[in-house]
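S.K.: Sequence:
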Amino acid sequence: MENKKHQPGDLSALRKWAEEIARRKTVAKPGNLALRSSQEIEEMFHELRVYQIELEIQNEELRQTQMELEASRALLADLYDYAPVGYITENQAGVIVEANLTVTTLLNIPWSELIRIPLSRFILPEDQDIYYRHRKQLQETRAPQVCELRMLRSSISPFWARLEAIAARDHAGMPLYRVILSDVTAYKKAEEGRERLKKQLAQIEKMESIERLAGGVANDFNNMLGIILGNAEMALDHVDPEQPFFANLQEIGKAVDRSANLTWQLLSFARMQTVATEGLDLNETVAVMMAMLRRVAGSEIDLVWIPEPGLWPVTMNVPQIEQILVNLCSNARDAITGRGQITIEVKNTQWKAEDNVNQAGFPLSEYVMITVSDNGYGMGGNVIDKMFEPFFTTKKKGQSAGLGLAIVHGLVTQNNGFINVYSEPDQGTTFNIYLPRHAATVLIRIPKADNNLNYEYHRYE
Numbered sequence: 087m088e089n090k091k092h093q094p095g096d097l098s099a100l101r102k103w104a105e106e107i108a109r110r111k112t113v114a115k116p117g118n119l120a121l122r123s124s125q126e127i128e129e130m131f132h133e134l135r136v137y138q139i140e141l142e143i144q145n146e147e148l149r150q151t152q153m154e155l156e157a158s159r160a161l162l163a164d165l166y167d168y169a170p171v172g173y174i175t176e177n178q179a180g181v182i183v184e185a186n187l188t189v190t191t192l193l194n195i196p197w198s199e200l201i202r203i204p205l206s207r208f209i210l211p212e213d214q215d216i217y218y219r220h221r222k223q224l225q226e227t228r229a230p231q232v233c234e235l236r237m238l239r240s241s242i243s244p245f246w247a248r249l250e251a252i253a254a255r256d257h258a259g260m261p262l263y264r265v266i267l268s269d270v271t272a273y274k275k276a277e278e279g280r281e282r283l284k285k286q287l288a289q290i291e292k293m294e295s296i297e298r299l300a301g302g303v304a305n306d307f308n309n310m311l312g313i314i315l316g317n318a319e320m321a322l323d324h325v326d327p328e329q330p331f332f333a334n335l336q337e338i339g340k341a342v343d344r345s346a347n348l349t350w351q352l353l354s355f356a357r358m359q360t361v362a363t364e365g366l367d368l369n370e371t372v373a374v375m376m377a378m379l380r381r382v383a384g385s386e387i388d389l390v391w392i393p394e395p396g397l398w399p400v401t402m403n404v405p406q407i408e409q410i411l412v413n414l415c416s417n418a419r420d421a422i423t424g425r426g427q428i429t430i431e432v433k434n435t436q437w438k439a440e441d442n443v444n445q446a447g448f449p450l451s452e453y454v455m456i457t458v459s460d461n462g463y464g465m466g467g468n469v470i471d472k473m474f475e476p477f478f479t480t481k482k483k484g485q486s487a488g489l490g491l492a493i494v495h496g497l498v499t500q501n502n503g504f505i506n507v508y509s510e511p512d513q514g515t516t517f518n519i520y521l522p523r524h525a526a527t528v529l530i531r532i533p534k535a536d537n538n539l540n541y542e543y544h545r546y547e
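In terms of the numbering used here, the sequence shown opens at residue 87 and continues consecutively.
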């Protein structure tokens with residue numbers, strides 16, 4: 087029997103080989119099978135059985151290969167469809183001709199509605215230029231392109247996407263473009279958070295430098311005021327009140343008093359002023375200040391006070407709270423044209439981990455939040471970034487020294503608190519002041535009946 091090797095799947099060659107051998111056997115011995123010996127016939131059938139077995143083996147190999155091929159195709163299809171990124175094939179006109187199931191999930195659209203749609207339709211209009219610029223570079227240079235832009239989702243808010251594109255060709259040689267689509271929203275948010283933290287750190291360092299400068303200037307200025315006031319008082323003791331310059335010496339003393347108040351404000355901002363603090367109940371403290379705060383707000387402003395039962399105490403003193411609320415109410419009043427409303431609210435709050443994204447560096451703890459909001463003209467981002475800097479003001483020259491919010495910031499940070507500000511032009515402003523909870527005995531200061539600015543102590547256990 088001839089020995090010949092065939093590759094799996096070569097069925098036609100195998101059949102021809104078997105037929106050729108059978109023909110040669112028949113031709114070599116003329117006549118029909120009846121004239122052949124039983125041995126020859128047996129050999130012929132034996133060879134045919136061998137061929138049959140070989141064919142069966144070949145068929146089995148083909149079936150196994152076909153099964154493996156189908157399994158590989160199914161695996162590749164699953165890997166393609168359920169990949170963690172989207173795969174898109176565009177034609178030269180930018181129309182989607184193929185996409186995996188991940189793309190339908192990212193864009194929240196059925197696959198049937200995705201095909202034959204331009205990819206640009208899913209890109210935010212403001213970011214279309216980014217897409218077309220990189221697409222043009224890909225067509226001209228055929229070099230891989232990468233860009234980040236915002237894409238639209240059906241009935242869902244836009245998301246940040248990263249597109250990585252390469253040039254290819256189809257079976258007919260026509261240009262195609264393979265695009266990998268990734269959702270990078272979480273990465274962009276983290277990046278924005280890092281940038282925000284950098285800005286906060288830069289602002290903190292800037293404020294600390296200004297605080298040191300303000301504190302040094304205030305101390306030196308205070309020393310000079312002491313000399314001026316001392317000499318003025320000595321002169322007053324030796325001058326007859328009838329003398330024409332006696333009144334001038336008195337004006338010097340008044341000017342020194344006003345200047346001393348300015349240095350006190352600077353020292354408050356610089357956190358260089360030593361103050362005694364106790365556990366304070368803001369419900370009681372703010373309630374007794376409301377008459378004075380209404381005078382600050384003016385008759386055309388509706389001042390609303392919202393206390394919270396069971397409010398935790400805070401570690402501050404009454405003059406500090408008074409300075410904070412007077413300055414905030416004064417600023418809110420100036421931001422309102424005509425009639426308006428200022429709301430003061432206090433409540434307990436828990437500072438959580440997710441909150442630290444916007445205000446890092448503060449412990450996760452319990453705070454009392456003082457909210458002062460108004461419906462005035464609001465502020466833009468460029469003003470909010472500078473609002474706590476001393477001597478920064480948006481008011482006309484001579485209307486404000488620009489120390490009010492700087493003092494608020496200094497008093498709050500001096501007591502281990504922090505401030506969040508929310509404001510938009512024509513949408514009003516909200517100051518949220520977070521003061522750490524004081525766990526010890528509460529000390530409430532109630533104003534005496536004869537003077538709203540003098541306080542006596544009442545202790546509650």
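Because the hints were derived from the structure by calculation, they are not lab data.
Treat the hints with caution; some may be incorrect.
[To be verified] Derived EDC-like pairs (lysine to aspartate or glutamate); straight-line CA-CA distance at most 20 Å:
1) Lys472 / Glu408
2) Lys222 / Glu212
3) Lys274 / Glu250
4) Lys472 / Glu431
5) Lys274 / Asp256
6) Lys433 / Glu408
7) Lys284 / Asp471
8) Lys285 / Asp512
9) Lys274 / Glu328
[Stated by the list, open to error] Cβ pair distances, simulated, as ranges:
10) Val171 / Ala258: 22 to 30 Å
11) Leu283 / Pro244: 35 to 43 Å
12) Leu283 / Phe332: 57 to 65 Å
13) Glu281 / Val390: 51 to 59 Å
14) Asn506 / Thr271: 43 to 51 Å
15) His257 / Asn506: 56 to 64 Å
16) Arg228 / Thr271: 28 to 36 Å
17) Tyr273 / Leu162: 48 to 56 Å
18) Asn177 / Pro244: 21 to 29 Å
19) Tyr273 / Ser345: 20 to 28 Å
Where a beta carbon is used, it is the ideal one built from N, C-alpha and C, also for glycine.
S.K.: Holds or violated: are the alpha carbons of Lys472 and Glu431 at most 20 Å from each other?
M.R.: violated, 25 Å
S.K.: For the pair supplied as a hint, Lys274 and Glu328, confirm whether the alpha-carbon distance does not exceed 20 Å.
M.R.: violated, 75 Å
S.K.: For the pair supplied as a hint, Lys284 and Asp471, is the alpha-carbon distance within the 20 Å limit?
M.R.: Distance ~13 Å between Lys284 and Asp471 Cα, so the pair holds.
S.K.: Given the hint of 35 to 43 Å, is the C-beta distance from Leu283 to Pro244 inside that range or not?
M.R.: Given about 24 Å between the Cβ atoms, the range is violated.
S.K.: Hinted pair, alpha-carbon criterion (20 Å max): Lys285, Asp512. Please report holds or violated.
M.R.: With a Cα-Cα distance of about 25 Å, the restraint between Lys285 and Asp512 is violated, given a limit of 20 Å.
S.K.: Mind checking the hinted window 28 to 36 Å against the Cβ distance between Arg228 and Thr271?
M.R.: holds, 30 Å
S.K.: Could you check the hint for me, namely that Leu283 and Phe332 are 57 to 65 Å apart, CB to CB?
M.R.: Roughly 59 Å apart at Cβ, these two residues keep to the hinted range, so it holds.
S.K.: Holds or violated: Lys274 and Asp256, Cα atoms, limit 20 Å.
M.R.: violated, 35 Å
S.K.: With 43 to 51 Å as the target window, see if Asn506 and Thr271 comply at their CB atoms.
M.R.: violated, 24 Å
S.K.: Between the beta carbons of Tyr273 and Ser345, is the distance compatible with 20 to 28 Å?
M.R.: Given about 53 Å between the Cβ atoms, the range is violated.
S.K.: Given the hint of 22 to 30 Å, is the C-beta distance from Val171 to Ala258 inside that range or not?
M.R.: Since the Cβ atoms of Val171 and Ala258 sit about 27 Å apart, the hinted range of 22 to 30 Å holds.
S.K.: Is the hinted pair Lys433 and Glu408 satisfied, with a Cα-Cα distance of at most 20 Å?
M.R.: Between Lys433 and Glu408 the Cα gap is close to 18 Å, so the pair holds against 20 Å.
The earlier numbered hints that this structure contradicts are 1, 4, 5, 8, 9, 11, 13, 14, 17, 19.
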